[in-house]
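J.: Here are the chains, one letter per residue:
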Amino acid sequence: MEELIEIIVDRHNMLVERNIFLLQALSDRGIAIPSLCFNASLGAYGSCGLCIVETCKDDVWLPRHACLVRPEAGLQIRTASPRIQRLRAHAARLLLKRGPFLKKEVEALLLTLVKEGTDSMEPSRLAGSLEGSGENHISLDKRGCLLCGLCVRICRKIGKCQLTFLGRGKSLRVGLVSGDSATVACGSCRACRHICPTGFITPDARQAFTARLYR
Amino acid sequence: MSEFHAPARREYQVSASVLEEIKREKKVFENPIKPLDFDVRVPLQSLAEEGRLSLFPNISRVSVGMATCGRVAGAQSITRALSERDWENQACVVSVGCLGACYAEPLVDIRSPEGRHYFYGRVDNRSLWSIIRTAQGAPSAQHLWAVAQERQTGVLRGIHDLELIKLENTSFGEFFHPQVRRISGRCGLIDPQNLTEYAAMGGYRALEKALFKLKPRKIIDIIVAAGLRGRGGAGFSTGEKWDITSRSPDPMRIVVANADEGDPGAYMDRALLESDPHGVLEGLIIAAYSVGASQGYIFVRHEYPLAVQVLRKAIASARKVGLLGHNIMGSSFSLEIGVVESAGAFVCGEETSMLQVMENKRGEPRLRPPYPAAQGLQDHPTLINNVETLANIPWILLNGVDAFQELGTTKSPGTKIFCLAGDVERMGFIELPLGTNTKVLVEEIGGASEQSVKALHIGGPSGGIVPYSGFSLDYESVAATGAIMGSGGLVALGTNSCMVDMARHLINFMVQESCGKCVFCRDGLPELEAMLRALCIGQAHEGILEDIEELSRAIAEMALCGLGQTATNSVLTTLKNFLPEYQAHVRGKCPAVHCKPLIDFEINLTYCRDCRACYLVCPSGAVKIRSGKERFIVDQQLCTKCWACYETCPFDCIKITSEEFMWKN
Numbered sequence: 001m002e003e004l005i006e007i008i009v010d011r012h013n014m015l016v017e018r019n020i021f022l023l024q025a026l027s028d029r030g031i032a033i034p035s036l037c038f039n040a041s042l043g044a045y046g047s048c049g050l051c052i053v054e055t056c057k058d059d060v061w062l063p064r065h066a067c068l069v070r071p072e073a074g075l076q077i078r079t080a081s082p083r084i085q086r087l088r089a090h091a092a093r094l095l096l097k098r099g100p101f102l103k104k105e106v107e108a109l110l111l112t113l114v115k116e117g118t119d120s121m122e123p124s125r126l127a128g129s130l131e132g133s134g135e136n137h138i139s140l141d142k143r144g145c146l147l148c149g150l151c152v153r154i155c156r157k158i159g160k161c162q163l164t165f166l167g168r169g170k171s172l173r174v175g176l177v178s179g180d181s182a183t184v185a186c187g188s189c190r191a192c193r194h195i196c197p198t199g200f201i202t203p204d205a206r207q208a209f210t211a212r213l214y215r
Numbered sequence: 001m002s003e004f005h006a007p008a009r010r011e012y013q014v015s016a017s018v019l020e021e022i023k024r025e026k027k028v029f030e031n032p033i034k035p036l037d038f039d040v041r042v043p044l045q046s047l048a049e050e051g052r053l054s055l056f057p058n059i060s061r062v063s064v065g066m067a068t069c070g071r072v073a074g075a076q077s078i079t080r081a082l083s084e085r086d087w088e089n090q091a092c093v094v095s096v097g098c099l100g101a102c103y104a105e106p107l108v109d110i111r112s113p114e115g116r117h118y119f120y121g122r123v124d125n126r127s128l129w130s131i132i133r134t135a136q137g138a139p140s141a142q143h144l145w146a147v148a149q150e151r152q153t154g155v156l157r158g159i160h161d162l163e164l165i166k167l168e169n170t171s172f173g174e175f176f177h178p179q180v181r182r183i184s185g186r187c188g189l190i191d192p193q194n195l196t197e198y199a200a201m202g203g204y205r206a207l208e209k210a211l212f213k214l215k216p217r218k219i220i221d222i223i224v225a226a227g228l229r230g231r232g233g234a235g236f237s238t239g240e241k242w243d244i245t246s247r248s249p250d251p252m253r254i255v256v257a258n259a260d261e262g263d264p265g266a267y268m269d270r271a272l273l274e275s276d277p278h279g280v281l282e283g284l285i286i287a288a289y290s291v292g293a294s295q296g297y298i299f300v301r302h303e304y305p306l307a308v309q310v311l312r313k314a315i316a317s318a319r320k321v322g323l324l325g326h327n328i329m330g331s332s333f334s335l336e337i338g339v340v341e342s343a344g345a346f347v348c349g350e351e352t353s354m355l356q357v358m359e360n361k362r363g364e365p366r367l368r369p370p371y372p373a374a375q376g377l378q379d380h381p382t383l384i385n386n387v388e389t390l391a392n393i394p395w396i397l398l399n400g401v402d403a404f405q406e407l408g409t410t411k412s413p414g415t416k417i418f419c420l421a422g423d424v425e426r427m428g429f430i431e432l433p434l435g436t437n438t439k440v441l442v443e444e445i446g447g448a449s450e451q452s453v454k455a456l457h458i459g460g461p462s463g464g465i466v467p468y469s470g471f472s473l474d475y476e477s478v479a480a481t482g483a484i485m486g487s488g489g490l491v492a493l494g495t496n497s498c499m500v501d502m503a504r505h506l507i508n509f510m511v512q513e514s515c516g517k518c519v520f521c522r523d524g525l526p527e528l529e530a531m532l533r534a535l536c537i538g539q540a541h542e543g544i545l546e547d548i549e550e551l552s553r554a555i556a557e558m559a560l561c562g563l564g565q566t567a568t569n570s571v572l573t574t575l576k577n578f579l580p581e582y583q584a585h586v587r588g589k590c591p592a593v594h595c596k597p598l599i600d601f602e603i604n605l606t607y608c609r610d611c612r613a614c615y616l617v618c619p620s621g622a623v624k625i626r627s628g629k630e631r632f633i634v635d636q637q638l639c640t641k642c643w644a645c646y647e648t649c650p651f652d653c654i655k656i657t658s659e660e661f662m663w664k665n
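Chains A and B are the protein sequences, given in the same order.
The numbering used here applies: residue 1 is where the first sequence begins, and numbers increase by one.
The numbering used here applies: residue 1 is where the second sequence begins, and numbers increase by one.
Hints were generated in silico from the structure; no laboratory data involved.
For clarity, every value in this text was computed on a predicted model and none was experimentally measured.
Note that CB positions come from ideal geometry on N, CA and C, so glycine has one too.
A few of these clues could be false.
Rough simulated footprint, nothing fancy, chain A against chain B, three-plus residues with beta-carbon under 8 Å [as the list claims (entries may be wrong)]:
1. 509 to 520
2. 551 to 561
So the derived list for chain B, only partly shown, Cβ under 7 Å to chain A, looks like this [to be verified]:
3. Gly435
4. Asp523
5. Pro526
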């Protein structure tokens with residue numbers, strides 16, 4: 001039996017389990033927090049920056065990633081505020097630059113988040129933030145991948161270890177580093193394809209992360 | 001057996017009167033050379049005697065600064081020229097580390113057998129003869145910078161044992177005068193590859209004291225009482241960190257020295273490792289003994305090949321004499337130290353990503369807590385200290401808490417090494433008491449005039465840019481200005497540097513170095529850089545300053561690790577302190593006349609003597625000769641703003657403007 005603790009979410013008291021992440025606890029209770037990189041069985045990662053909530057500490061509300069917060073007794077949480085919406089909009093806008101995505105619902109979700117965030121802005125600054133400024137630095141062959149790391153993590157979890165991140169910063173990308181042995185070679189399980197939130201991995205990782213030239 | 005011994009002892013009894021007589025005649029036994037206090041456990045004393053022979057030889061000792069800064073300035077050819085010479089037993093040539101005055105490299109120090117040190121700075125082929133003559137015993141005043149005398153001939157524990165007796169180059173004296181060399185005092189005086197010279201300067205005495213006279217608990221108490229704060233940047237109390245690690249229930253503990261300094265312009269770790277590696281090793285061994293660790297690592301930046309080489313040699317020679325390995329100095333304490341080279345990324349200097357790298361994983365920061373002191377390398381409690389912090393430990397153990405707290409402020413006692421660079425005359429690494437005013441550092445030591453410095457960039461790329469004013473250099477005061485102390489890198493920015501371009505440059509660095517895990521840092525920083533670039537090329541959109549500020553704050557709030565959270569510090573501090581400059585850029589002007597797309601070159605014909613130098617030198621053919629009153633004009637369409645005409649013109653006729661702002665030299 002898991003120990004239950006009480007937290008306060010949007011002024012409502014709520015009993016949650018102690019040992020799971022806040023995002024999991026909230027979605028178990030039916031509170032939807034947008035998130036693209038979280039998977040309960042793969043643990044916390046904190047890549048997509050959408051699951052922002054505010055927690056209260058010493059009367060100061062601080063934005064945090066819900067997927068990285070462990071519930072404590074008496075923790076106060078806010079899941080919606082102009083500040084949260086703006087931060088989510090920033091993250092969504094930055095993620096949209098990695099588009100277009102194959103799954104249209106991802107794009108729709110991100111667009112709604114941007115719109116919600118910009119609604120709370122003054123109208124004068126709306127234009128600039130929607131179109132973004134400057135050129136898009138993401139090269140065409142990497143479009144469509146959010147770099148959420150779910151495929152890398154699932155591949156490692158099931159023991160294949162075929163996928164890894166390559167490079168850093170701007171040039172970060174997911175790469176297929178296949179071993180020599182045929183038994184561990186990629187291509188049979190397609191776990192990454194099922195877990196990919198944007199549908200980037202089709203039909204399998206080998207196709208998605210190599211030979212991008214002709215797609 | 002006892003019956004046999006009893007009469008014999010009685011036979012050797014000495015009467016009181018005879019004892020008195022011996023005491024009175026004591027002088028007879030006194031030897032000019034003190035008898036060795038020989039220790040069977042580790043022959044520290046004999047090592048020291050051996051080191052003294054090479055430190056204070058009967059012939060001249062010519063030491064050439066051969067740290068990275070010296071090598072870059074050409075010390076290698078100087079060493080080659082000097083050591084290939086047949087000295088006929090008059091002198092020996094040794095390579096030492098850096099004395100700190102990096103601007104004066106290659107620096108040569110000649111010690112005469114009488115204990116007089118002759119310093120020659122910026123040595124080149126012309127001054128070689130003076131050096132040779134001095135080494136042969138006939139001091140030459142030509143090219144000489146300074147002469148110092150050992151306060152007591154044959155006693156040299158650090159640079160403070162030298163007394164300046166003659167100063168030919170006043171700036172050399174000004175550079176050293178305000179400094180207090182505690183932990184870097186040996187740098188540049190000893191051969192870093194030679195353990196015996198370190199022992200001769202009193203090295204490994206603190207370790208001996210720690211192992212045989214102090215209990216681990218007592219050492220931690222001393223460090224806590226001293227109030228030593230981590231010199232790596234955050235300024236966390238070192239003693240507390242040790243305490244947490246030592247109280248861990250896990251018996252397998254690890255100590256790591258963090259020497260992965262990535263801040264551009266800061267090189268105190270490199271200087272210490274290259275010039276005095278044993279000081280760091282000694283601190284590391286003491287730290288390991290206090291927390292009960294049996295494994296030690298030094299995590300060195302890959303880009304420091306000389307430091308890695310010196311360090312490996314130092315570890316090998318310490319092992320050889322029993323200062324490392326099993327049963328150090330014959331005590332029950334054993335320690336192995338390994339050197340790990342980093343993968344060459346800025347983020348790997350952050351402690352959690354450093355541990356990831358050491359576990360052969362990707363250099364990504366991981367979430368804290370759990371802190372490494374509780375769960376670090378391979379989940380064992382790991383004590384991570386900066387190299388400079390560790391170098392402080394032997395000094396504190398030998399000199400005591402009170403001596404340590406004499407200098408510095410109450411909250412941050414002790415001394416700190418700063419690295420001064422930028423628009424100053426004299427750069428180098430400088431040790432000063434914490435709480436020293438910036439004016440002392442920049443004006444007295446750096447030799448810059450007050451008007452010529454516009455801003456200070458403190459703490460590397462994660463630090464901030466603050467307007468130049470006199471404030472005290474300690475953790476709290478620096479944090480109050482909006483910057484962070486960081487590892488102690490300090491760049492003076494002159495009046496001609498553009499703050500917007502500086503911020504853009506630093507953000508560009510962060511874009512390259514971000515690990516790419518979280519979206520704000522990975523994609524937010526490039527966007528921020530794009531906006532700053534738009535400012536620098538005069539293509540800013542309306543409301544750009546608000547956008548920049550909001551995005552910077554969002555990144556600082558939501559990034560997962562220390563790198564991302566502090567990455568936008570440079571933008572936020574410049575926005576706060578130099579807002580007019582940003583506003584001018586929005587209007588397409590650069591007040592510092594620095595950003596190329598915003599400046600124009602013109603030729604002032606009042607003083608022009610028609611020498612045509614600008615016309616001849618211009619690589620793009622932008623300087624045109626015309627008939628009529630305007631003989632020379634610059635075609636703004638063709639001009640690439642290479643500054644060649646400005647640098648060539650002998651009469652200062654080239655005027656560089658950005659609307660109403662004009663370039664002032």
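J.: Now, for every hint given, state plainly whether the structure supports it.
T.: Results of checking the hints against the structure:
1. 509 to 520: Check passed, 10 qualifying residues.
2. 551 to 561: This one holds; 5 residues, not fewer than the three required, reach chain A with a Cβ under 8 Å.
3. Gly435: Violated, because the Cβ-Cβ distance from Gly435/B to chain A comes to roughly 30 Å (cut-off 7 Å).
4. Asp523: holds (4 Å)
5. Pro526: For Pro526/B, the interface hint holds, since the closest Cβ of chain A sits about 5 Å away, which is under 7 Å.
Hint compliance for this structure: hint 3 is the single one not met.
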